[in-house]
Amino acid sequence: MRNSVEMIIAAFLLGATATSATAFQSGREPAYQSARESGLVGEKSDGYLGFVVPPSSSVRALVEDINIKRKAVYSKEALANGATVEEMALRTGCRLIVERTVAGEKYQTPSGIWKTRDGSAPELDPRCPQ
Amino acid sequence: MAQCCDQLTNRTDNAIRCYMRKMIFLCTPLMASVLTGCVQVTAPDKPIVINLNIAIRQEILYKLAAASEKVIQENPGVF
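From first to last, the protein sequence lines stand for chains V and A. The first sequence begins at 1 in our numbering and counts up one residue at a time. The second sequence begins at 1 in our numbering and counts up one residue at a time.
The set of hints was computed from the structure by calculation and includes no laboratory data. Where a beta carbon is used, it is the ideal one built from N, C-alpha and C, also for glycine. You may find that some hints are simply not true.
To be verified - Which stretches of chain V does chain A cover? Using the computed rule of at least three CB atoms under 8 Å from a CB of chain A, they are:
#, region
1, 55 to 63
2, 75 to 81
3, 86 to 94
4, 111 to 124
Okay, chain V solo, but in the shape it has when bound (with noise of 0.2 Å):
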């Protein structure tokens, strides 16, 4: 008896140590983080996020703030390789679906499907280097 609640004290803080390495590891927030596992939102192939269903007015804030940041930093990162903000979005879009984009979570196709990872590599813009 005394084992087996051991066990599961064990397993318990185990599990938890181990969500919040996923958590520490993707330095997502929480509610983004959550939105992405749950499929609600995705990558685009432009370097955004997207909504892949109507979203509610929290997840689009969300987005919309995401995508706001991830712009200035585009912008900023663009200007010092001499790039254009749009250039700079779709290179890292690209890096973003093949390295960022767990399986189980959702990415646009360039043919404006949403699709989500597997195992497989996915289906990236043309324009993205190989």
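Let chain V serve as the given structure and place chain A on it in line with the hints.
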């Protein structure tokens, strides 16, 4: 009509009336042309297409490999 205005009669305002008639006669086509000469704006029958395709330079995309990695690493909260 020109003679009528020069004609003197016992009516004191005859000349004025005559000039006014002349003015009305001359101004009516002018007024009409002003009224019909309004700028006509008609909607085009074809939809207006604004090309929003922004030129993406392929060689620049190749050069942005490091920069795109950097922005993601430095701003984990927004990606």
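Do the hints match the structure? See the list:
Coverage of a stretch by a chain is defined here by at least three residues with a beta carbon nearer than 8 Å to that chain's beta carbons; for the region 55 to 63 of chain V and chain A the count is 0, and the condition is violated. For the region 75 to 81 of chain V, the stated coverage by chain A holds: 3 residues have a C-beta nearer than 8 Å to a C-beta of that chain, and at least 3 were required. Here the region 86 to 94 of chain V counts 7 residues with a CB under 8 Å from a CB of chain A, which clears the bar of 3, and the coverage holds. Counting residues of the region 111 to 124 of chain V whose beta carbon lies closer than 8 Å to any beta carbon of chain A gives 0, which falls short of the minimum of three for the stated coverage.
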